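The whole structure should be built from the sequences, with the hints applied where relevant.
The lines below spell out each chain.
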Amino acid sequence: MTVTTFVVVSVIKIVIAIMVLLAAVAYSTWLERKLVGHIQNRWGPKRVGPFGLLQPLADGLKFILKEDLVPPHVYKPLYLAAPVLSLSLALTSIALVPIGNWVAVGGVYTPLEITDVNIGLLILLGITSLSVYGVALAGWSSNSKYSLLGGLRASAQMVSYEIALGLSLVGVLIMSGSLNLREIVDMQGGHLVGWIPRWNIFRGQIFAFFIYLAAAFAETNRVPFDLPEAESELVAGYHTEYSSMKFAMFFMAEYANMITVASIATLLFLGGWHGPVFGPWWLVDILPIFWFGLKVFAFIFLYIWVRGTLPRFRYDQLMAFGWKFLFPLAMANVLVTSLIVALQK
Amino acid sequence: MQLVLFFVFGIIAVAAAINLLAQRHPINSALSLIVVMASLAALFLLMGAEFLAAIQVIVYAGAIMVLFVFVIMLLNAGEEERTPGSRVAKRLGYPAVVVLAGVVAWTLLTHNPHPVPVNLSGRFVGSPTAIAQLIFRDFLLPFEVTSVLILIAIMGAVVLASPVGTAAGPGSPEQPPAKREG
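From first to last, the protein sequence lines are chains F and C. Position one of the first sequence corresponds to residue 1 (the working numbering), numbered consecutively onward. Position one of the second sequence corresponds to residue 1 (the working numbering), numbered consecutively onward.
Just so you know, the hints here were simulated from the structure itself, not pulled from any lab data. Since the model is a prediction, treat every value here as computed from it, not as a measurement. For every residue, glycine included, the Cβ atom is placed at its ideal position computed from N, Cα and C. Heads up, some of the hints might be wrong.
[As the list claims (entries may be wrong)] Taking lysine to aspartate or glutamate and the EDC-like style, the derived pairs with C-alpha atoms no more than 20 Å apart in a straight line are:
#	chain 1	residue 1	chain 2	residue 2
1	F	Lys-46	F	Asp-59
2	F	Lys-13	F	Asp-116
3	F	Lys-13	F	Glu-113
4	F	Lys-76	C	Glu-144
5	F	Lys-145	C	Glu-79
6	F	Lys-13	F	Glu-233
7	F	Lys-76	C	Glu-79
8	C	Lys-90	C	Glu-79
9	C	Lys-90	C	Glu-80
[Stated by the list, open to error] Not close to chain C: a few residues of chain F, all C-beta gaps over 12 Å, as computed:
#	residue
10	Thr-2
11	Phe-51
12	Asp-59
13	Leu-78
14	Val-105
15	Val-117
16	Ile-119
17	Gly-126
18	Leu-149
19	Ile-163
20	Gly-177
21	Ile-206
22	Val-235
23	Gly-293
Okay, here's the thing in structure tokens:
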């Protein structure tokens with residue numbers, strides 16, 4: 001592949017990925033409002049368009065047209081940089097997520113992801129671990145007690161749960177022997193016995209999956225771990241002092257992070273794009289992407305379902321759960337998995 | 001191409017390091033240090049140490065510096081103050097830096113007269129497997145001794161930080177916040 005083709009193909013893939021991600025973010029907010037509405041015996045958005053489907057557009061328009069307020073007491077450079085940092089890191093991480101096999105389009109053979117990296121998973125974790133700065137700096141630079149408390153909670157919580165999150169993935173890595181997301185997914189093709197697919201969740205990593213799930217909720221600051229923005233005690237936490245588009249950027253970052261976390265879970269535990277493939281050639285090409293999208297959608301649905309069901313943790317419970325329960329469990333999972341893999345060799 | 005990238009990230013690293021010293025506010029200094037870490041990771045990547053680069057970002061920029069920022073936020077540290085001591089530090093500090101840099105350069109040049117050119121090919125040689133074999137086979141004992149050392153340091157920090165007699169342990173569990181009725 002020549003340099004020019006590479007650049008053109010990459011730019012096209014980046015544009016498509018960002019558009020799809022932003023559309024998914026917008027419609028996740030719609031889905032969340034709709035689902036939580038139905039869970040709480042309300043209708044949710046239904047006035048703008050059929051089933052309220054145009055609600056995200058109306059929201060976006062409203063955010064853009066709102067007055068862009070910068071309170072006089074903030075530390076301006078960081079106050080302005082924090083939402084940009086949050087959103088750009090959240091959007092960057094999608095570059096490493098493969099959504100399907102290699103495809104040939106117009107004579108160019110290319111993987112269905114922006115870039116295929118040897119250590120894709122580590123880079124994803126690196127980007128996730130940096131995203132705490134957006135929240136922490138927003139809380140600090142706002143120069144308000146609620147924001148500061150929110151920022152402090154967020155940084156402590158995200159650092160604590162990152163350990164359990166990272167350790168829960170180690171079992172999968174031991175089993176697949178690779179840090180490349182594509183290779184990890186390729187290991188999960190085929191079936192175990194009968195119709196049970198060879199996904200990592202069915203190969204003994206079920207505890208790891210639930211540890212990952214709990215830690216991922218905490219990493220993305222979602223209910224029941226949304227202490228950094230607990231409305232009942234902190235007004236809105238770290239984004240109390242933000243308005244209009246800057247406020248919206250934090251929310252877009254949160255939903256984009258949800259989608260990334262759901263993609264990682266799909267790739268590592270649920271077999272990525274593997275699923276029944278049948279039909280004519282165009283269906284064979286499209287079905288893997290469909291399975292991937294369906295699994296990610298199931299995660300987003302679960303996120304929202306949990307939000308509509310569970311109450312918020314108390315802060316000391318949150319820390320105790322992370323350090324005294326999830327962390328030892330993840331450690332035990334690593335030990336048992338490595339023991340089994342070593343015995344099999 | 002690799003040489004250009006090397007210079008770009010090298011200059012960013014040095015500029016951020018100077019900015020770290022020049023800034024008067026601790027949070028700006030901490031952020032400059034994060035930039036230094038990130039550009040060092042990019043330099044590692046250029047030398048083919050992909051795993052090291054990722055770990056540099058995850059551990060240093062993502063965990064250790066978060067704790068730095070956390071502490072600065074928690075202490076609500078303000079701007080650095082000028083004291084008579086800082087004038088002395090300025091008078092002595094600049095010559096000391098020059099002397100130190102001179103000594104380091106002299107040592108490097110005399111003890112290593114034929115330096116091996118750094119491989120900037122961008123070909124990845126430091127794979128996770130290679131690093132794991134170094135740490136867990138060739139240097140297992142130093143590695144384990146270091147981890148024990150860190151454990152001792154953590155225990156020391158906990159003992160030092162907890163005031164005498166109120167050390168939280170099994171004997172004196174921390175009370176959960178009292179519940180308000182009604």
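Violated constraints from the hint list, given by number and in increasing order = 4, 6, 13, 15, 16, 17, 18, 19, 20
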